[in-house]
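Let the sequences and hints guide you as you build the complete structure.
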Amino acid sequence: MTDTQMDVDQFRAEARAWITSNLERRPAGADAEARGVRTDEEIVAARALQRRLFDAGFAGITYPAEYGGRGLTAAHERAFREESADFVMPDFGAVGGVTVGPIGRSLLEHGSPEFLQWHIPRILSGETIWCQFYSEPEAGSDLAGIRTRATRDGDQWLLNGSKIWSTGAFHANWAMCLARTDWDAPKHRGLTWFAVPTNAPGLTIRPITQINGTAEFCEEFLDEVVVTDADIIGEVNHGWSVTQTMLVYERGAGESGVSLMEPRELAPDLVELARRGGRTDDPAIRQAIARAHVADYAQFHLGARIAARLRSASTPDPAVAAYSKLARGVYTPLRARAAIEIGGSDALTWPEGDDAGQRPAIDYLNGRIVSIAAGSNEMQRNGIGERVLGLPREPSFDSSIPFNEVLRKSRGWNGRVG
Amino acid sequence: MDTDASADQRELLDVSRRFMENSCPLRAVRDGVWRDGSFAASYRRQGAELGWFSMFVPESLGGGSISGNGALDAALIAYHRGRGLQPGSFVGTNVVAAALAAAGSDELRAAVLPALISGEASASWAATSSGGGGRVENGVHATSRADGSFELHGKKAAVQDIDPSTWLLVTCGTADGPMQSLVPADAAGVSVTPLASLDLTRRFAEVAFDGVHVPATAVVGEPGTCGALIERQRAIACTLIAAEMVGAMDQDFETTVQYAKDRIAFGRPIGSFQGLKHQLADTSLALEMSKAIAVAAARTVGTDGDEHGPQAASMAKAFVSEAGIDLVQTCFQVYGGIGYTWEHDQHLFLRRITMDAGLFGDGAWHREHLCQLAGL
Ligand SMILES: Cc1cc2nc3c(=O)[nH]c(=O)nc-3n(C[C@H](O)[C@H](O)[C@H](O)COP(=O)(O)OP(=O)(O)OC[C@H]3O[C@@H](n4cnc5c(N)ncnc54)[C@H](O)[C@@H]3O)c2cc1C
Numbered sequence: 001m002t003d004t005q006m007d008v009d010q011f012r013a014e015a016r017a018w019i020t021s022n023l024e025r026r027p028a029g030a031d032a033e034a035r036g037v038r039t040d041e042e043i044v045a046a047r048a049l050q051r052r053l054f055d056a057g058f059a060g061i062t063y064p065a066e067y068g069g070r071g072l073t074a075a076h077e078r079a080f081r082e083e084s085a086d087f088v089m090p091d092f093g094a095v096g097g098v099t100v101g102p103i104g105r106s107l108l109e110h111g112s113p114e115f116l117q118w119h120i121p122r123i124l125s126g127e128t129i130w131c132q133f134y135s136e137p138e139a140g141s142d143l144a145g146i147r148t149r150a151t152r153d154g155d156q157w158l159l160n161g162s163k164i165w166s167t168g169a170f171h172a173n174w175a176m177c178l179a180r181t182d183w184d185a186p187k188h189r190g191l192t193w194f195a196v197p198t199n200a201p202g203l204t205i206r207p208i209t210q211i212n213g214t215a216e217f218c219e220e221f222l223d224e225v226v227v228t229d230a231d232i233i234g235e236v237n238h239g240w241s242v243t244q245t246m247l248v249y250e251r252g253a254g255e256s257g258v259s260l261m262e263p264r265e266l267a268p269d270l271v272e273l274a275r276r277g278g279r280t281d282d283p284a285i286r287q288a289i290a291r292a293h294v295a296d297y298a299q300f301h302l303g304a305r306i307a308a309r310l311r312s313a314s315t316p317d318p319a320v321a322a323y324s325k326l327a328r329g330v331y332t333p334l335r336a337r338a339a340i341e342i343g344g345s346d347a348l349t350w351p352e353g354d355d356a357g358q359r360p361a362i363d364y365l366n367g368r369i370v371s372i373a374a375g376s377n378e379m380q381r382n383g384i385g386e387r388v389l390g391l392p393r394e395p396s397f398d399s400s401i402p403f404n405e406v407l408r409k410s411r412g413w414n415g416r417v418g
Numbered sequence: 001m002d003t004d005a006s007a008d009q010r011e012l013l014d015v016s017r018r019f020m021e022n023s024c025p026l027r028a029v030r031d032g033v034w035r036d037g038s039f040a041a042s043y044r045r046q047g048a049e050l051g052w053f054s055m056f057v058p059e060s061l062g063g064g065s066i067s068g069n070g071a072l073d074a075a076l077i078a079y080h081r082g083r084g085l086q087p088g089s090f091v092g093t094n095v096v097a098a099a100l101a102a103a104g105s106d107e108l109r110a111a112v113l114p115a116l117i118s119g120e121a122s123a124s125w126a127a128t129s130s131g132g133g134g135r136v137e138n139g140v141h142a143t144s145r146a147d148g149s150f151e152l153h154g155k156k157a158a159v160q161d162i163d164p165s166t167w168l169l170v171t172c173g174t175a176d177g178p179m180q181s182l183v184p185a186d187a188a189g190v191s192v193t194p195l196a197s198l199d200l201t202r203r204f205a206e207v208a209f210d211g212v213h214v215p216a217t218a219v220v221g222e223p224g225t226c227g228a229l230i231e232r233q234r235a236i237a238c239t240l241i242a243a244e245m246v247g248a249m250d251q252d253f254e255t256t257v258q259y260a261k262d263r264i265a266f267g268r269p270i271g272s273f274q275g276l277k278h279q280l281a282d283t284s285l286a287l288e289m290s291k292a293i294a295v296a297a298a299r300t301v302g303t304d305g306d307e308h309g310p311q312a313a314s315m316a317k318a319f320v321s322e323a324g325i326d327l328v329q330t331c332f333q334v335y336g337g338i339g340y341t342w343e344h345d346q347h348l349f350l351r352r353i354t355m356d357a358g359l360f361g362d363g364a365w366h367r368e369h370l371c372q373l374a375g376l
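Chains H and S are the protein sequences, given in the same order.
Using my numbering, the first residue of the first sequence is number 1, and each one after it goes up by one.
Using my numbering, the first residue of the second sequence is number 1, and each one after it goes up by one.
Be aware that one or more of the hints could be misleading.
[Claimed, not checked] Covered by chain H, according to a simulated footprint, are these stretches of chain S (three or more residues, beta-carbon under 8 Å):
| hint | stretch |
| --- | --- |
| 1 | 57-64 |
| 2 | 167-174 |
| 3 | 227-238 |
| 4 | 307-315 |
[Said to hold, decoys possible] Each pair of labels, with its calculated beta carbon distance range:
| hint | chain 1 | residue 1 | chain 2 | residue 2 | range |
| --- | --- | --- | --- | --- | --- |
| 5 | H | T214 | S | G227 | 46 to 52 Å |
| 6 | S | K261 | H | R206 | 44 to 50 Å |
| 7 | H | N414 | S | R268 | 18 to 24 Å |
| 8 | H | D282 | S | A115 | 45 to 51 Å |
[As the list claims (entries may be wrong)] Chain S stretches covered by chain H per the calculated footprint, using a threshold of three residues with CB under 8 Å from any CB of chain H:
| hint | stretch |
| --- | --- |
| 9 | 198-210 |
| 10 | 281-290 |
Honestly, the hints are just simulated from the structure, not real lab data.
Every residue gets a Cβ at the ideal spot worked out from N, C-alpha and C, and that includes glycine.
Take a look at the structure:
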């Protein structure tokens, strides 16, 4: 029986056997999320553990077998996640999810066979970590408006410009970098994606301190960074189609971001907060707890519904994926606010060094990450409004003229559209 | 609504959908054809032929469903009923059929179930009372007699679509806890007073019980300890009503989005203004979540042995009730002045959805109920 035919139960049994005899149980109360950025030592440990998963055939379960994956389905992956839920798994922090999620998936769809042969096994074995060089100081939501420049120089390319908000870039070996290769074409038609090694001469990476006090995202300066044709992902000037793929995964098309299990227990964290403050009899608190729980439950089922819709489409549409993204972007900060209300002073203060105790405050500070990063709520609303509901687009005065001209005109912006 | 519906389910739905479109299109709903007793009876019998009232009754008692999950099949029908703002006691008849199948005496089952399944008679759950919210035992009190019979006193409100031949499942309080009985609407001591209502697509009445005699054989469930049965009935009612709401929401939203594409202001379709576009996108998200949660509730409620049914149904009712009212309010705004006219259909949706949101417990009631179910 080949791997592709292997049924989920059989795979589950195989996974369980391997996990229980090879992995350590997760210590109770471990809360990596509250800790934030992973240290270098933690990354070294994560790489070693990832390597063991890879060697045992449990890395990249849904990735093609020819590139070192297992070539199985999302159901197999889910089974593995369920079986391994109580065990210590490789933990690279946010950058790990980015590597095998939006980046890995986009590479698979757009990278050349040689490119994939080289890169994917390294990703799956934990040897390389990737980060995203998309946003720039002057282009975030308007990703097609980036200004980092790639110019031909003999048989290579020179990259110049700056990137910002790149999560975990200091842990990464490679970056997936968007650059402009044609300034005379309209903005969406002059873009190209490159794989850039983060140790390339001319590339400077600087962490930026966030509101939660950690420094996970970074800014980069690219000064005559050399890359070659072999580093191109997709085709020159056709980068926007890669972007479309990337956005589907970035918005949580796969199972990422959606909780693994249907949330059946009434918001245990919020109930615990209410208990600690002795406020479980307060009708307003009870309403807040139940409201958050109902939203968790609705979001879980929305995720499954949207994932099914995306699976059944021949080309998954980022605008459909926008539903799950917008739901998270709307409900995550609301839930974080509810926790602060329910916890009162217990959520606003905590014993020094108490990871669990600071969780509501950290969640509150981090609550809007998902409303902004990977496409703001407003961008998701634009996508749903225009591409799913088919509402007419806003008049645009920058999408059909040469990008050079867009820049020139924006400097002389006179308040008139069109 | 259900992206995973099977071919058999889809076929059943298609036939039901065509029946509704032909026999009771929105224009007919608006004209109130369903107020006519003979129309109502024939509509109900035709629905019954399509299996509308058999889905919560096991095959051994003459019922059955297409997929084996009766709640899911019924919710899919309910969705299409909601789209067309269909009349009649679909939710009530199914709740009562489920209760009788689960806990009715043999006499009661033999006398009533075949008539409900075939559409000869309808049933309604007399659950709501003034100020009772989702506390279905409020409003009527039963006193027991030595021979095992009971006597009912009190009033229920907003009881749906009562004809003289309608069976009323009356949930009430006793000194020892809740009890239920099945009472014909024309029984001695029952008086039905039609009420005016916000909803223009169904009939609602106040029902007074003045010493109504209930023989022991008409008692449904064990008096005092039928809480789990009532919880099950509430779960079915909330699941089906949420599904009907989702259908009505979907229909109202589709026509509103079309209007936003067609209506021109300032030289462009109003749907191109981000102020409206974003409201519609948020509404679309709430609608997708409503579909997802309604299907999840139906699946859970209809899965034998799954004890999470009451919670799932309360979550669906809590979420959809609020999403529904938000949706009709947003659609109203998008229409501008035309949406405030009697001629326009928007207010029919506004009225029905708002009514449904308040029946069998509104969002706040179900959130509190969820806390209680969790032992909080
Ligand atoms: C924690 C975190 C991690 C991140 N990680 C990465 C990463 O790894 N790699 C990377 O490349 N980037 C990353 N980002 C950047 C992120 O993708 C951008 O912040 C995001 O796309 C928004 O861009 P911006 O910050 O430039 O805001 P802007 O685009 O300037 O937006 C500001 C406001 O204007 C609104 N707006 C903009 N355009 C429109 C429009 N057309 N209609 C309506 N409203 C509009 C936005 O919704 C927002 O409210 C990260 C961001 C955060 C917060």
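Against the structure, the hints:
For the stretch 57-64 of chain S, the assignment as covered by chain H is violated, since 0 residues bring a beta-carbon within under 8 Å of that chain's beta-carbons and 3 are needed. Chain H is given as covering the stretch 167-174 of chain S, and this is violated because 0 residues of the stretch bring a CB closer than 8 Å to a CB of that chain, at least three being needed. Given a C-beta distance limit of less than 8 Å, the hint that chain H covers the stretch 227-238 of chain S is violated, as 0 residues qualify and 3 are needed. Coverage of the stretch 307-315 of chain S by chain H holds. Counting CB-CB distances below 8 Å, 4 residues qualify, and the rule asks for three or more.
Take T214(H) and G227(S): their Cβ atoms lie about 50 Å apart, and the range 46 to 52 Å holds. Range check, K261(S) to R206(H): Cβ separation about 47 Å, and the 44 to 50 Å hint holds. One distance hint, 18 to 24 Å for the beta-carbon pair N414(H) and R268(S), holds here, with the actual separation near 20 Å. As the Cβ distance of D282(H) to A115(S) is approximately 49 Å, the hint placing it in 45 to 51 Å holds.
Check result for the stretch 198-210 of chain S against chain H: violated, 0 residues qualifying (beta carbon to beta carbon below 8 Å, three or more required). Taking a C-beta to C-beta cut-off of 8 Å, the stretch 281-290 of chain S contributes 7 residues in contact with chain H, enough for the three needed, and the coverage statement holds.
The structure fails to meet hints 1, 2, 3 and 9 from the earlier list, while all remaining hints are met.
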